[in-house]
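**Student:** What follows is each chain in one-letter form.
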Amino acid sequence: MTERPPARAAEAAPEPPAASAVDAAPAERPPVLSVRGLSVRFLLPGGRRIAAVTDARFDVAPGECLVLIGESGCGKSVLASALLGLLPANAQTSGGALLGELDLLTAGEPTLARTVRGRRVGLIPQSPAAHLTPVRTIRSQMEETVAQLTGVRGRAALRSAAERAAARAGFPRDHLDRHPHELSGGLAQRAATALALIGDAPLLLADEPTTGLDRDLVDHTVDELRRHIDADRALLMITHDLAAAERIADRVAVMYAGRIVELTGADTFFGSPGPRHPYSRGLLEALPDRSFTPIPGLPPELGGLPDGCAFAARCDRATDACTALPPFTGPVACHHPLPAPTPEDLRA
Amino acid sequence: MLELRDVTAGYDRRAPVVRNATLTVAPGEAVGLLGPSGCGKSTLARVTALLHRPDSGHVVLDGAPVHRYRHRAPRAQRTAVGVVFQQPRLSADPRLRLTDLIAEPLRATGRRSSVPERVAELAGTVGLTPDLLTRRPHEVSDGQLQRACLARALVLRPRWLVCDEMTAMLDASTTAALVRAVEDYRTATGAGLLAVGHDRLLLNRWCDRTVHWDTVTPKRAPMPVRTPG
Ligand code: SF4
Numbered sequence: 001m002t003e004r005p006p007a008r009a010a011e012a013a014p015e016p017p018a019a020s021a022v023d024a025a026p027a028e029r030p031p032v033l034s035v036r037g038l039s040v041r042f043l044l045p046g047g048r049r050i051a052a053v054t055d056a057r058f059d060v061a062p063g064e065c066l067v068l069i070g071e072s073g074c075g076k077s078v079l080a081s082a083l084l085g086l087l088p089a090n091a092q093t094s095g096g097a098l099l100g101e102l103d104l105l106t107a108g109e110p111t112l113a114r115t116v117r118g119r120r121v122g123l124i125p126q127s128p129a130a131h132l133t134p135v136r137t138i139r140s141q142m143e144e145t146v147a148q149l150t151g152v153r154g155r156a157a158l159r160s161a162a163e164r165a166a167a168r169a170g171f172p173r174d175h176l177d178r179h180p181h182e183l184s185g186g187l188a189q190r191a192a193t194a195l196a197l198i199g200d201a202p203l204l205l206a207d208e209p210t211t212g213l214d215r216d217l218v219d220h221t222v223d224e225l226r227r228h229i230d231a232d233r234a235l236l237m238i239t240h241d242l243a244a245a246e247r248i249a250d251r252v253a254v255m256y257a258g259r260i261v262e263l264t265g266a267d268t269f270f271g272s273p274g275p276r277h278p279y280s281r282g283l284l285e286a287l288p289d290r291s292f293t294p295i296p297g298l299p300p301e302l303g304g305l306p307d308g309c310a311f312a313a314r315c316d317r318a319t320d321a322c323t324a325l326p327p328f329t330g331p332v333a334c335h336h337p338l339p340a341p342t343p344e345d346l347r348a
Numbered sequence: 001m002l003e004l005r006d007v008t009a010g011y012d013r014r015a016p017v018v019r020n021a022t023l024t025v026a027p028g029e030a031v032g033l034l035g036p037s038g039c040g041k042s043t044l045a046r047v048t049a050l051l052h053r054p055d056s057g058h059v060v061l062d063g064a065p066v067h068r069y070r071h072r073a074p075r076a077q078r079t080a081v082g083v084v085f086q087q088p089r090l091s092a093d094p095r096l097r098l099t100d101l102i103a104e105p106l107r108a109t110g111r112r113s114s115v116p117e118r119v120a121e122l123a124g125t126v127g128l129t130p131d132l133l134t135r136r137p138h139e140v141s142d143g144q145l146q147r148a149c150l151a152r153a154l155v156l157r158p159r160w161l162v163c164d165e166m167t168a169m170l171d172a173s174t175t176a177a178l179v180r181a182v183e184d185y186r187t188a189t190g191a192g193l194l195a196v197g198h199d200r201l202l203l204n205r206w207c208d209r210t211v212h213w214d215t216v217t218p219k220r221a222p223m224p225v226r227t228p229g
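Keeping their order, the protein sequence lines are chains W and R.
Under full-length UniProt numbering, the residues of the first sequence are numbered 1 to 348, in order.
Under full-length UniProt numbering, the residues of the second sequence are numbered 1 to 229, in order.
Simulated from the structure, these hints should not be mistaken for lab results.
Even glycine gets a Cβ: it sits at the ideal position worked out from N, Cα and C.
Treat the hints with caution; some may be incorrect.
[Said to hold, decoys possible] Not close to chain R: a few residues of chain W, all C-beta gaps over 12 Å, as computed:
no.	residue
1	R119
2	L176
3	D230
4	D267
[Unchecked claim] Ranges of calculated distance between the beta carbons of each label pair, as one might list FRET restraints:
no.	chain 1	residue 1	chain 2	residue 2	range
5	R	D62	W	A321	31 to 39 Å
6	W	T115	R	Y11	42 to 50 Å
7	W	G37	R	R75	53 to 61 Å
8	R	E117	W	G37	31 to 39 Å
9	W	S127	R	R112	37 to 45 Å
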């Protein structure tokens, strides 16, 4: 089991028993983000419709890290793009995604560009090296972002504000005059994180922030991200890396074939009694430090999903009941979830 | 045996990224090569797959030193090593249907007649369904494309397999599935494996032994020393 970083918010307060913590947001304050029945369809030539995301529902509470887990093509990155208004033109969205009072799905590009991206949602990109402008120094990119997103004006003031921003993400001051290609993967990640933090956005959105990094750097990166979650700031992280998720998450949402199939506390999920949805269980068991056994078969095509449970063809618990779509009840969408924790399990 | 003898390689002779690498894989053995990103292990993987000529040192395949690399390597040596890279999108020709992607090495070596049988067999090995075989790379997921790339690497029945960060982009289940496909192939054929990666847990679970980059490329002053033998 991975060690959790010391700054973990959940350790500050005793956690309620896992089973009851499942749906309740950890704080009484209103959620930073409230996603309600979000669906995304892509319309392809020839009338094909791809159901990339279907009826996603979750809240992200202040001070919380929610990690969205799934394999490539499950819809998790599409969901992130929908929240940022970055979907291609052939996408249709429905449902809602409330950031405070603002519905991100209907806000429109001018509002998103002027008031949301960077200011209310800080994006930590998948590939920091590609996200940074290659021909400019980190310092000039920091100063530009400070000028754009804050009231700071004047050369000297911008310079020191940029240095403070760099320091916040642990980016060394003596590397500020370098270009992105002169940075290691870890420092490029810190530069991107520093840029994402400048606007003091209440929600950080990290899309596969650890892809291609070494395990040590993965640990380091997620620990740093964790450090930036505080009473006022929440993190929604999207990843296929379960070890990274285990290290940082307060809660875990598992996505399969465009739907969230399980949403539960990280301790319940990674610890005992473990996930209750057969897909989540299979994903976890596939890890090299667990049974290293793949889930048989392949995920279904998002253009031709079955009417019932999309996991049925691969599921060893499937019955006739599974030809009907399982509703999301409790923490899982499954007709035959694995056993709920008993009181003995909880005490153990 | 698959031997790397004192291999120095890179893209600029004055600043090689691999210095004096020495490593041996026995027939049927699975060796994990563990190293941080950017250390040069991908370059060494390319040398091992005969895709990159070293500045000095040798690759020795089953006792025969390799003198020519890339397309100039003798066919018998070239086809003795199969290779899978980290990013399937960079290594797969976007115009080819998956079935042609897998069959391409057969066609290139004049074994056209065995294409239908071999492709069907390998699709089963790597877990690709028939409907996926007619698609092109942009119509499948990363994991599905990587399955096809593994099938292509196995299609000529190599005695040696090099997997360079084969699963770094993939989810846990697809990772386990691809590793199982490699291991099934090795069990059936006795092929040896060099698995290059940065995930210690994965390599330890997968391989017979794992060596660290630092022990493969001992730090020493670059001197024009000739090692006997
Ligand atoms: S609903 Fe049925 S098929 Fe789907 S995961 Fe649950 S048991 Fe398996």
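**Student:** Determine for every hint whether it applies to the structure shown.
**Tutor:** Evaluation of the provided hints:
Remark: the non-interface label on W:R119 is consistent with the geometry, its nearest Cβ contact in chain R lying 31 Å away (cut-off 12 Å). No Cβ of chain R comes within 12 Å of the Cβ of W:L176; the nearest lies about 22 Å off, and the non-interface call holds. The claim that W:D230 lies off the interface holds: its Cβ sits roughly 30 Å from the closest Cβ of chain R, which is beyond the 12 Å cut-off. Chain R leaves W:D267 outside its interface by the beta-carbon criterion, the shortest separation being 19 Å against a cut-off of 12 Å.
The given range of 31 to 39 Å is broken by R:D62 and W:A321, whose C-beta atoms sit roughly 57 Å from each other. A hinted range of 42 to 50 Å holds for the C-beta pair W:T115 and R:Y11, which are about 46 Å apart. Range check, W:G37 to R:R75: Cβ separation about 59 Å, and the 53 to 61 Å hint holds. At roughly 49 Å, the beta-carbon separation of R:E117 and W:G37 lies outside the given 31 to 39 Å, and the hint is violated.
Judged by the Cβ atoms, the range 37 to 45 Å given for W:S127 and R:R112 holds: they are separated by roughly 40 Å.
Checked against the numbered hints above, the structure violates hints 5 and 8; every other hint is satisfied.
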